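Assembling the complex is the task here: the two chains are given apart, and the hints tell you how they should meet.
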Amino acid sequence: MKIFNSIQLNNSRTGSICQNCAHFQNDPALIEEAYHGLTAMSSGFASVRDKDGFCNYNQLYLSARDSCASFAPRASEFDKEEAG
Amino acid sequence: MTTNKTETENIKQSSGWQEFWSKEDWWAVWLGLGIVILAYIFYLSGSSISWIAVAPAKWSTLSELGGQFSKNGIRYVALLGAFLVLFSVVVSFIGQKPRSFILSFIFLFILSTIIYFAGNWDQSSRYNLEPPLVALVIGLIISNVIGLPRWLDAGFRVEFYIKLGIVLLGATLPFTLIIWAGPVAILQASIVSLVTFFVIFFTARKLGLDQRLAAVLGAGGAVCGVSASIAVAGAVRAKKEHPPIAISLVVFWAIIFIFALPLISRTLHLPTGVAGAWIGTSEFADAAGLAAAQSYGGFAGAHLGISGTADQALASYTLIKVIGRDIWIGIWSFVLALVAVTVWERSETNSKVQVGQIWWRFPKFVIGFLIASVLTTLIVHGHTLADYNKLVKPSLIAPITSLRTWAFTFSFLSIGLTTRFRDLANAGIKPFIAFTVGVIVNVILGYILSVIVFGHYWSSIVTH
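Those sequence lines, one after another, are chains A and B. Residue 50 is where the first sequence starts when you use the numbering used here, and the numbers rise one by one after that. Residue 4 is where the second sequence starts when you use the numbering used here, and the numbers rise one by one after that.
Bound-form chain B, shown alone (with noise of 0.2 Å):
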């Protein structure tokens, strides 16, 4: 056995305590339960949080954007520094450079409200320009054909704003759905995500793919995406280069996926609660499909006869995703590296599999999303319809909903300005060929599923 005394860098250790303050998730949390019960308080003492929660109002001249922009000016600069404060104590605790995280978010959030606004004009539906998808566009032209200096991608944290956007997402749905929903949901991405797993792993075991590849392609495509592919590798202790192939396959068509899964079912004029369920079932990554899941849920209105509201199309696709696939992670980490254990071949290493990856692994965001949810449907309990539509929703949901948008809106431009092509691992032809079999799979099983089995569950929930 050989010792080494000077490879002591690139090596974080942590207690269970220091989870708290170390992983992105737990900031999600705190940050976003801060907000909720920050603008409850205001709420209480007859006041809100909309100065700061500022967001662009419907526009149709040059004149009226300007005139938005002189009266509210001085509060996008305050809105621009409250989250500057606040992020930067989160990547200084994760242990990133706030000075290059800095630079970079003030870009990041001028291109960000330049999209929210134009979003906001009154022709944008006309020409298409969804601010998810043009977040996207923008990002990816950006990163791919103009070019950007590595140290900027301090502040395109897709992972962290999304996250941080879903907790807020949960306290603007009634708990009552989630637990409404909740059983339908698991149901449905339980048989989506099982079905697609081993067609994946079969198909790349037959193809002659290491057992430890195959669950890795398997996990990216039936339970989260990169997350839940990079999970998986770590408990099957996958080869170093396996998570960029997955890596690599999940991201090629998350992103085809952000664009065809809204046209498809607007060709189709699915209800907005259907797509953003059949978006949640067949999309791989949080991001990727939340930002599918908004574009779609632009579309809704009689002009192009999509039925539903915008708010449903979120609904639907977070409790499929979230509830439905994210929270399982720790258990496909745990039975896949049992079954590594037990059957796979195992000549590396020589532990035990321990139980506790379970919570180890478990997406804590989804903590502060249920909390969230609780929060406000106990704050809104008592109110009428008409004191809701009066008090609560201008005063204490709308502004919450505002930064909601905003950190979608930065995580979507996020996926594009971190996505660069030339950068991805070549995955292969024969990881490609089992994980796209997954994929067309997924995509087949998901629309039967939320159309025509649960289509009516689907389009008819509620959401306040």
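So that you can see chain A by itself, here it is in the shape it has in the complex (with noise of 0.2 Å):
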């Protein structure tokens, strides 16, 4: 069925995710920043929350293990790439 080959029970996830590309933001305080209200009944540092980030790419607000065909590298899996 297609709704269990959408589940991972591995949640080891690394490589092209969103927490290592170009376009993704997840830092606590500039989330607080850019949505406001979220520090008068919430936080930014919240478990809830997780590591969730922006997508500058897609303007998408989403979990930095998510992935998209349009992963561009950071400076540091960049570096990792041309050193390999």
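It should be emphasised that the hints constitute simulated quantities derived from the structure, not laboratory data. Every value quoted in this text rests on a predicted model; they were computed, and no experiment measured them. Check each hint, because a few of them may be wrong.
Which chain A residues face chain B? A few, computed with CB under 8 Å, are given here [stated by the list, open to error]: (1) Ser55; (2) Ser92; (3) Ala95.
In this text, a Cβ means the ideal position worked out from N, Cα and C, and glycines have one as well.
What follows is the structure, encoded as structure tokens:
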């Protein structure tokens, strides 16, 4: 079934994920600054927010563990690739 | 594919272990349990932390008030110092600037002290000067009429203070109560949450709103307010502009309900335990609901014809809100992420849904709340009621309750100080209609379940 194929039980996900993407920003202070009112009844530093952040390419608010075809490695990832 | 070597800022990379010192939830657990353990060590040695856990006593004249200050002034300074040290450590670890925090917190502490004292004036209930409501109103006036510089926001950590207060609240609730009332709380909250979510979601869809926005709005109204909206937004990959819409609507209705729910409950003379359950079912954010529940607890007494105790309002509220609603946010996020992947259109991303987010998004402060409850239940176990009232309560429970009240007051005041109505995003008429329909259904259903169906249950909960 499609629904089961869409579930990943193994939680380790590395490589071309949003967390390593140049378009992704998830600093809690930045999220709090961008979303006025967030601190009035929640927090950028709360567990429920996990590591979510902004995708400045697709204009989404999404998980750092997400991924897409427009992945662009950040400097550290880029350096690793060049060194490799 | 493009590469970019310069965009390295504003990324928080953290391993699983770093969560323990980078999230406010875990710091609420460490500080809350640390305070409980320290209080127990002092208690075992025949002493108490009550010297530093100072709280105003009832007063009726200005000379009595002055007497309290001159007698206990040094204790308030010591308490401020202790909070400053502990909280500065927290803000340093989570990545904020302690300097801004310290100045801001001193301001917050001074205002909180004034509000705490005002609440202990023996005429305060006559003039409806319930400390949570006073704190909120003062905060709202300062932030919206007078105005404060932005850097002062560093100390107005609503969520952190409320989570710390809830962990300390756990230390004053018997674990047997959580076991006894937990299943009913979960049943009642689940019914209301599911109905509210689907009402908001399908109303939003009927009005032509995007599925993800509908889900973000629905979670905000059904689960735990802004926290639920932001969690579900990340899970379903919402558009950037979706969360602020939900934030505006939740804040708007939550502020109204802080005043409205205690007022209606008072008019209907609801017992404190029943009103607490209703507030827990129908308020949105933890801090907002606690402000309402604590205010209503302050009305308890024969003079207003409201039965029950202040603790019953807090206990039933917390059971419904924390155990019945908050802890399920990970499940909500997982299910909605799965729906987003398998049912809604997915053109931007190609990820699978990770089961781990049920834990990643779990509000970890609940663990501290439960452990604190177990700890004090074990400590109290074996004491007679007379021993409890003579020894345990004044030496152990009362100082923890005092520190809890401080934490809640910081939070209630911070709600007002950080709610700037002109900064909130314009939600738009369609999201407003969808959310408001859900709010109306939520309040009516919450009342029916809290008062008519389970009223006898909530009015008789035992909190000691």
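Against the structure, the hints:
1. Ser55: At about 5 Å, which falls below the 8 Å cut-off, the nearest Cβ of chain B leaves the hint on Ser55 of chain A intact, so it holds.
2. Ser92: holds (4 Å)
3. Ala95: holds (6 Å)
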